[in-house]
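Those protein sequences? They're chains A, B and C, same order as listed. For what it's worth, the numbering used here labels the leading residue of the first sequence as 1, then goes sequentially. For what it's worth, the numbering used here labels the leading residue of the second sequence as 1, then goes sequentially. For what it's worth, the numbering used here labels the leading residue of the third sequence as 1, then goes sequentially.
Do not rely on the hints blindly, as some may be mistaken.
Restraint-style ranges between C-beta atoms, simulated for each label pair [stated by the list, open to error]:
#, chain 1, residue 1, chain 2, residue 2, range
1, B, Arg335, A, Asn173, 30 to 36 Å
2, A, Asn173, B, Thr88, 15 to 21 Å
3, B, Arg14, C, Thr54, 30 to 36 Å
Pairs of lysine-lysine, DSS-like flavour, derived with a Cα cap of 30 Å [unchecked claim]:
#, chain 1, residue 1, chain 2, residue 2
4, A, Lys337, B, Lys64
5, B, Lys64, B, Lys100
6, C, Lys129, B, Lys6
7, C, Lys152, B, Lys6
8, B, Lys6, C, Lys218
9, B, Lys6, C, Lys134
10, A, Lys337, B, Lys38
11, B, Lys64, B, Lys87
Think of the hints as simulated: they come from the structure by calculation, not from any bench. Here the structure is a predicted model, which means the values were calculated and not measured. Ideal placement from N, C-alpha and C gives every residue a C-beta, glycine not left out.
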Amino acid sequence: MQVFRAALKAFFRHPIYLLIYVVLLSCMGVFMGMSMNDAPSDEYLEWPRVAVVDRDGQELSQGLRAFVLDQGEAVEVHDSERALQDAVMQELASYILIIPKGFSADFARAAATGAKMPEVQVIISSQSMDVTMMDSLVDEYLGVARTYTVALADASQSEVVARTNTAMAHTANVSVVQTTDAPPLSNAFLVYLQFEGYTILLSIAVCSAVVISRFGREEMHRRVAASPVPQLSVNLQIAAACLVIMLACWAFVCVLGLVAFGGRIAGVAAPVVAAALAALLCYSLFGLAFGFLVGQMTDNELVMNAVSNITGLVISFLGGVWISLDLVGEPIVTIAKFTPVYYYNGAIKAALDPAGGGFTSEALANMGIVCLFALVVFCIGLAISGIRAGRMGVWNGSSTKQLSHPAA
Amino acid sequence: MWNTFKYTTLSIVRERSIVVWVLLFPLILATLFNAMFKGIDENAHDLDPIPVAIVNKSEAGADKAFQTMMDMLSEGDEALLASVEAKTSEEAQALLRDNKTIGTITLDENGWPSLELSAVSGETGVSMEQVKRTVLADVVDDFCRTRTAVEDIMENDPQAIRDPEIVRSFVRLDDYTSELRITHSQTREYVRYFYALLGFAALMAANVGLTAVGAIQPNISPLGARRAISGTGRARTLAGSIAASWLVSFLALVVAFVYIRFVLGVEFGGREAACILGIAVSALMATAFGALVGALPHVPASAKGGILSGITCLLSLFAGLYGTPALRLADQVARNAPWATAVNPVKQVSNLFYSLYVYTDLEPFFQTLGVLALTTAVFALVAALMMRRQSYASL
Amino acid sequence: MAIVEVRNLVKRYGEVLALDHFNLQIEEGEIFGLLGPNGSGKTTSINCLLQLLTYDKGDILLFGEPMRPNSYDIKRRIGVVPQDVAVFDELSVRENIDYFCGLYVSDGARRRALVDEAIEFVGLRDYTKFRPRKLSGGLKRRLNIACGIVHKPDLIFFDEPTVAVDPQSRNAILGGIQRLNAEGATVVYTSHYMEEVEQICSRIMIMDRGESLACGTKDDLVRMVSTGEKVEVEAPDLPGGTLEALGALPFVRRISHDGTSIHLLCDNGPHNLATILGVLQERAVVFGRVYSEPPTLNDVFLEITGKELRD
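Only chain A is shown next, with the shape it has when bound in the complex (with noise of 0.2 Å):
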């Protein structure tokens, strides 16, 4: 056991690594959780935040003004291009509606004549749903506003918006269902745990990167291959080693997830939380393979942090943490499909499935190609470390079968 202790006292002495990136990233995940609103089941989307300039202040634009302020979250902003730009800077409001000098009387009598409707104008800084929402609400209400100008056309203009705002009150009944008998599941929960996906591989990776390099390093191969204690079990007490890292990054990630939203799952089944757990674990397997495979690659700290962010990145990236994947399109989701992390996200989907979760044929299935993953690239990382114990002439007994030889 003499390696195993030494491997892990080597890490702990560096308490620097677990503290950045097992602290701190994984805290990303609680912030990127907490930044969740689990949505209220009633409610089926955001609404945005918006603002009116009235620049006509007729009854027609206050129509509308009230109408647009009532279906979002109203937010002041001054009529100035500086005051402008600044909510668009800011992200003050998502939509901005301004009403030109004019506009209801040019309304009516381009309605009366058949001639082009005026225009409002929107600032908007992104083009989200949401926008696009209030954006046909604005075409509903003045269409509707147009019909009656049309119909009474002996009416005031004030009578066309008080029929307007009725007829645009009516809406349909609109629920939101839960379809099953089980409490509903946290939106932060699942949003953290596929955070971390992306912060245990890169802790997991870089931590055992660090370890396994540090017995790679070719003096250091030398001298333990030269030493009686057999290459197998050397390299099993190094694995060891970084199994009991990755089960201590591991842990440490479940427990802050419990912590942080232990309240949010309090209704949930036991076996629906820890089978998503499950397949945190086969994820973090994933990332000791990759670590595993890092370290025989390089023994520069620097450059093993840089190749373990940057396929940290472009991983979760393609696993639709960042940006919903159903949005980017088939090539990337092809791409995706060749990655563990489209699985991850497959096993944390259905485990957590709303419609029957926990440890489903689903989830195992999804979780089984995550383990087939970190099979694959840790034999690549055995291949490589058998390349390089041959290059380094480090006679091990099993040169012929260099697959069977997991130098470390």
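The hints should help you fit chains B and C onto chain A, whose structure is shown.
Coordinates of chains B and C only, in the frame set by chain A:
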């Protein structure tokens, strides 16, 4: 100083890991972003038909208006809806549970629809599912409003309904809004990811300063000790190293910028010259930050790169690098705790570019530049305090 | 004039007293050897001299002037070859030497000549384009030396420059140091290799636990100690009482017989060997060859510190 500058530059650009961090990383990430957002742009307009179940409980004829609308929306290649009839609510529920549909429209006896949507399953950002839910709700709402208006007019002003123009008006879809561009170019959210990426790249460039400072600190490396006892003053060695680090960081960021701007075609508000100025200041900030981390005592030199990248990742989260949810989080933080934005150099660098993009005048840009300069000064001061010693109690 | 003068230097690392009222005086043109086991304070004293380390007490004068961290005019006249190889891994041999030269000499043409000379001096001409990690241990040491001496300093510190170096390189290094000295440089040489110091140094200081135990030329040191020569006499058969008779001689400190030879350790004295042979003849002992060895630095060290130098 020229001598130090020349050889520090040489030694930095020959260090493989630095090139990876500072040059390759931003390029890879930018390429990835580009692939993602291209996909979004291309996919934005083709929405698959939305699967929805209809439970019709209306009396004979009361559903005519609704059916007309459904027919219109379900026809053709660009059909918005793909509806299925469900005999009972239970059947519709089953379809919903099996994810065959995302909603159920139930018509009451008078033909008024109500909508039931499945609960949003875990998504980190806006997903296609949510888009479909929203569209569906909008369709149903729109129907109700129009029908209310029609019935209102038929009841109260029956003579008007004889005007064919009125009838046309009900189905006429006008676009009443136009996007006002108060910025230089069309506002697209995704430019912000590239700006955040540049912020991230700037901080990653701090690795350069970190390495350079490590090589002149007597208490960090034997090389540093050897240089400290030479005939060249410490200030000059430091100045040469800092200048070299700055130059390398600056050039690396310029490469990233040129790639993002001209290869990927991301807009910077048409103010490339100002961007270069911004990059110059950002590179200075990065060098100062690298010097600060590099001068930290009692931390093994090899772990400093880890510290730097860990801090960079964390700060990048609050600059919105990690996708939609992170961007939203960053905006929340910026609104509720502006000081947290001011002390986050990644966010400041990304704001630098965003303010060029958003504002017509350059004042906000120079303000942000000022904040960055101040940050640089603070980093440099703390670093200088740590490096001020020329003699050490122990090495 | 004393080029190096250190008075009552005290340096503590926390509780540990690294230099204890250390005094040192080195004259121009010397090769001065600082000899002591690992951890005896050799490197610490040099780092204090160079103002790399702070110290608790004492005065340091170099070239007759007090040394300060920013005494760059003094530093320009000093060359240092540190114990650890301190070069840029990313720069080639030539670039490294040029860089370090540039810290002292700004004139480009002069620098080129100096760099060429230094490369020639350490015999690295075939390796100028190599990066340090491609060099063997001995070549790396030579590069380290070239970086320290390239600017032709008046005073050069060599801090254990031959650690982990093969015999050929070591001889080349020692020869080089003597040449530098012949060209006018004063050299301070630290080592824990006795024979190197004996070979090249004009004066030697023996250090242990931060103290100067003895200082002088080799002969001075040998004279200082009471241990005299070692005498060995081949004499397989000894008549009874011979050893006792020899042991009773006043200058004999220790005596033993291993079956073939008698070993005697003697105090300093003018006629030791003659007296011993007299006793043997008196007792009609048949003896073969006789060896007499004068005391070595190792004996000196052993006597002063009570322990072997090599650890």
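Do the hints match the structure? See the list:
1. B:Arg335 to A:Asn173: 30 to 36 Å: holds, 33 Å
2. A:Asn173 to B:Thr88: 15 to 21 Å: Distance hint for A:Asn173, B:Thr88 holds at roughly 19 Å.
3. B:Arg14 to C:Thr54: 30 to 36 Å: 35 Å Cβ-Cβ, so the 30 to 36 Å window holds.
4. A:Lys337 to B:Lys64: violated, 46 Å
5. B:Lys64 to B:Lys100: Judged against 30 Å, a Cα distance of about 26 Å means the pair holds.
6. C:Lys129 to B:Lys6: holds, 17 Å
7. C:Lys152 to B:Lys6: Answer holds: C:Lys152 to B:Lys6 is near 23 Å, not above 30 Å.
8. B:Lys6 to C:Lys218: Violated, because 47 Å separates the two Cα atoms, which is more than 30 Å.
9. B:Lys6 to C:Lys134: Holds: B:Lys6 and C:Lys134 sit about 22 Å apart, inside 30 Å.
10. A:Lys337 to B:Lys38: holds, 19 Å
11. B:Lys64 to B:Lys87: With Cα atoms ~18 Å apart, B:Lys64 and B:Lys87 stay inside 30 Å; holds.
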